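Asker: One-letter residues, chain by chain:
Number of protein chains: 2
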Amino acid sequence: MIPNGTKHNELRQLVRSQLELLLDSGNLKGAKSLLIPVQPVDIAEAIEGLPESNQLIAFRLLSKAEAIEVYEYLNTDVQQALIQEFKRQEVLDVVDKMSPDDRARMFDELPAKVVRRLLSQLSPKERQATAILLGYGEDTAGRIMTPEYISLKENLTVSQTLERIRNLANASEIVYYLYVTNNSRQLKGIVSLRDLVLAAMDTTLTEIMTRDVVFVHTDTDQEEVARTIQRYDILALPVVDSEERLVGVVTVDDVIDVIEQEATEDIYALGGVQSDGDNYFQTNLLTVARRRVVWLFILLLTNTVTGTIINSQEDLLKQVVSLVAFIPLLTGTGGNVGAQSSTVVIRGLNTEEIKNMGAGKVVFREAAAGILLGLILGTMATIWAYFLLKGNLAVALSVGISLVAIALLASVAGSALPFLFRSLGLDPALMSAPFITTAVDVLGVLIYFYIARTILGL
Amino acid sequence: MIPNGTKHNELRQLVRSQLELLLDSGNLKGAKSLLIPVQPVDIAEAIEGLPESNQLIAFRLLSKAEAIEVYEYLNTDVQQALIQEFKRQEVLDVVDKMSPDDRARMFDELPAKVVRRLLSQLSPKERQATAILLGYGEDTAGRIMTPEYISLKENLTVSQTLERIRNLANASEIVYYLYVTNNSRQLKGIVSLRDLVLAAMDTTLTEIMTRDVVFVHTDTDQEEVARTIQRYDILALPVVDSEERLVGVVTVDDVIDVIEQEATEDIYALGGVQSDGDNYFQTNLLTVARRRVVWLFILLLTNTVTGTIINSQEDLLKQVVSLVAFIPLLTGTGGNVGAQSSTVVIRGLNTEEIKNMGAGKVVFREAAAGILLGLILGTMATIWAYFLLKGNLAVALSVGISLVAIALLASVAGSALPFLFRSLGLDPALMSAPFITTAVDVLGVLIYFYIARTILGL
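Chains as they are written, first to last, in this note's numbering: chain L, 19 to 476; chain C, 19 to 476.
Please keep in mind that the hints were generated in silico from the structure rather than gathered at the bench.
Values in this document were obtained by computation on a predicted structure and should not be read as measured data.
All C-beta atoms in this analysis are idealised placements derived from N, C-alpha and C, irrespective of residue type, glycine included.
The reader is advised that the hints may include incorrect statements.
[As the list claims (entries may be wrong)] Beta-carbon label-pair distances, calculated as ranges:
{"no.": "1", "chain 1": "C", "residue 1": "Thr221", "chain 2": "L", "residue 2": "Lys143", "range": "43 to 49 Å"}
{"no.": "2", "chain 1": "L", "residue 1": "Lys143", "chain 2": "C", "residue 2": "Asp220", "range": "43 to 49 Å"}
{"no.": "3", "chain 1": "L", "residue 1": "Arg249", "chain 2": "C", "residue 2": "Ser35", "range": "17 to 23 Å"}
{"no.": "4", "chain 1": "L", "residue 1": "Thr472", "chain 2": "C", "residue 2": "Lys131", "range": "53 to 59 Å"}
{"no.": "5", "chain 1": "L", "residue 1": "Asn173", "chain 2": "C", "residue 2": "Glu84", "range": "27 to 33 Å"}
{"no.": "6", "chain 1": "L", "residue 1": "Ala130", "chain 2": "C", "residue 2": "Arg471", "range": "22 to 28 Å"}
{"no.": "7", "chain 1": "L", "residue 1": "Asp445", "chain 2": "C", "residue 2": "Asp271", "range": "44 to 50 Å"}
{"no.": "8", "chain 1": "L", "residue 1": "Asp445", "chain 2": "C", "residue 2": "Gly155", "range": "23 to 29 Å"}
{"no.": "9", "chain 1": "L", "residue 1": "Asp445", "chain 2": "C", "residue 2": "Gln31", "range": "20 to 26 Å"}
{"no.": "10", "chain 1": "C", "residue 1": "Asp42", "chain 2": "L", "residue 2": "Arg249", "range": "25 to 31 Å"}
{"no.": "11", "chain 1": "L", "residue 1": "Tyr250", "chain 2": "C", "residue 2": "Pro69", "range": "22 to 28 Å"}
{"no.": "12", "chain 1": "L", "residue 1": "Arg249", "chain 2": "C", "residue 2": "Gln98", "range": "20 to 26 Å"}
{"no.": "13", "chain 1": "C", "residue 1": "Glu66", "chain 2": "L", "residue 2": "Ser71", "range": "57 to 63 Å"}
[Claimed, not checked] Calculated pairs, BS3-like style, for lysine-lysine (alpha carbon to alpha carbon, straight line, at most 27 Å):
{"no.": "14", "chain 1": "L", "residue 1": "Lys171", "chain 2": "L", "residue 2": "Lys131"}
{"no.": "15", "chain 1": "L", "residue 1": "Lys50", "chain 2": "C", "residue 2": "Lys206"}
{"no.": "16", "chain 1": "C", "residue 1": "Lys206", "chain 2": "L", "residue 2": "Lys408"}
{"no.": "17", "chain 1": "L", "residue 1": "Lys336", "chain 2": "C", "residue 2": "Lys82"}
{"no.": "18", "chain 1": "L", "residue 1": "Lys336", "chain 2": "C", "residue 2": "Lys206"}
{"no.": "19", "chain 1": "L", "residue 1": "Lys82", "chain 2": "L", "residue 2": "Lys115"}
[Stated by the list, open to error] To give an idea of the interface, some chain L residues facing chain C are shown, with a C-beta separation under 10 Å as derived from the structure:
{"no.": "20", "residue": "Asp126"}
{"no.": "21", "residue": "Leu128"}
{"no.": "22", "residue": "Thr222"}
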């Protein structure tokens, strides 16, 4: 039994280091028995940690059944490295037997030439299944579904169904639900294994099936697929084509990965980093720089506006040079207040937590929070400025009043712009913290100079 | 059949508006039939949208079985409002029959007085189950598990097992797996319903059960529970006590919520907002302000350091006032570069994507990206400053060189500080974008003034 938590992590470490030692000393038999009690995902991790020259050797120690599972768990780059070395028989043993959805995901990443060669080596049935999946748009239900599921006619009895299931060639097609379809392959209902196990043997499927079926279409976005599974607490979601014929099933384990991937995309957008779904830590430095420089360049342009505004106030600043000391404080605090508002609103929009609240109500609420925070921080800033400038009340008051105005502005901008972006059909996460921060800079210095000129009478 | 996507959303809207109309006109019969084909989670949403006076009326239209499910989906505040009005019989019909994990979660939020009253009205068995769950620490496996599962002895045959399951009083205890335990209630293996359905009737459970069982302890953190379920692609994870006796099961649907909640916490931390797990949009304004002001206050303090540094350079700034115009550009760009690095590293640490990469390698990589980005942006900034200042090359060069240095500093700080925080046992997300941004400000102006003085010879 594999222990949990820390003990489990230690065991994983141990398997990794032992495997390398055994392979290096050529003890293949030892390596093979080491891997027998280990879970496929952990074997995959151990193989990933090996030097490339040993990866194929380790992989070939696995039984056929295990090889498929382990292969599905491997990183894309290790999958690619192995596949280049596979013999025709290994392609049939492993790639042909992978889940069609995992295979389609892997083919997406492979060079076209390799995909063509592999497709030609697959069995006709699997070749067709893969080609169909690859035909659906990226990030849609069609792309992440598996076309393997069990569909049954509604007049079958429970005992006939059990008989049918037991005679299936490929038991992996049974997930938690069985799907009842009519002659045009349209979905009529769902029977869970639990319903089946609990029902009397002579009941028909019509009597026990659930008719209120939640389903999605092949072109439904994967994020909506994830939300639907999450909302209805179901383990698998049927996918139908434009004529409402059942064509596949999305399972809950794929959905967990989608939710995590979407969260990462949101987090990246909030941090001003472009993301395109693949693992950041596997991409090279130039790609990393390219994904960041666009955002930084836009922000640099906005900053030059701030600079131009400050530069145009040379006369004021020459007269009261102490005004300069408070620019970073004002723009910085404004940026932070705006970042808080936009973070909360963007996350709320993306998790649909604020779907029942209108934009007006949210912005009003954030504006109120902005004023409240501005008053607290403005008071502190005024006191600090007064002491720093040894009693220059006029400048100290300019700082405090500006801070209240800037906090209000920042919270309104931070909460309203994500809504605006969404209503334009754009991703609200584009109105991210770095953007709000920089935009508030421009307006912040304008407000500050205006208030200072008014109070100082210059 | 409930249609998907947009059509589905329209239907949900329709149910909500119709329900309100029917209740307002006193047409309870109409309201009741309106709700019959609607999914429980959608009914819950419709009830949440009603004025408070109608919520209990709508709730009482539901059948007993449906009422429990709908109640579990309701927001905590609506649950609370309803529970205050419940008659003793309703407590027995609804609260007593809720899943123990959902009930424990709700009790967490209720005033202690209400919890005591409710506990006394529950049946003894449920009272005990709830008390046990409430005894486990927050955010642990013990708190989110359900104590309802089926455990069987290993010498049972498949047909005996099926017989046993069909005679169960409470069928809701059957999830996808059955658990095989020994006489001391220790977990020996797992049988999925699929294994059971596929096996011959006279096989014993020992022959078909999986012995390599992944499990967690009652005190395992819920985030690790989520990662384990995600890693092993399983639908339910057994939870054992300190003597390795099976005490409960965490199911995948609870885990999806945990993953989403943890992502929200990360996102909030990155945006400088304190989160404590409950829905932000249901909390009042003072709580909102309180959660943000601490962070803002810390950042304000850091900003006063920047201000003090600038103030101490009055002599320099009086001589070359045009230096001031570039402060926001330098600190802003530095902050953005640092935010990018910290975002990527923090997310990588939390999703365990960079577990195989050492801190040194990550920081080195980020430093290289920082220099590259600094060179690109620094060149642009130098050219712009040269034109803005009508040919003042010395200041323009100071700006460009400072930008390279600041970008390097920011990327190193942004990537190294999360690692440092983690090694101190703190949440790396505390080293968030707002903090990095503000910290880079302080060092940024110091670097800028030093470089400017050197180049200008002042």
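Asker: Quick check: which numbered hints come out false for this structure?
Answerer: 1, 2, 6, 7, 8, 14, 16, 17, 18, 20, 21 and 22
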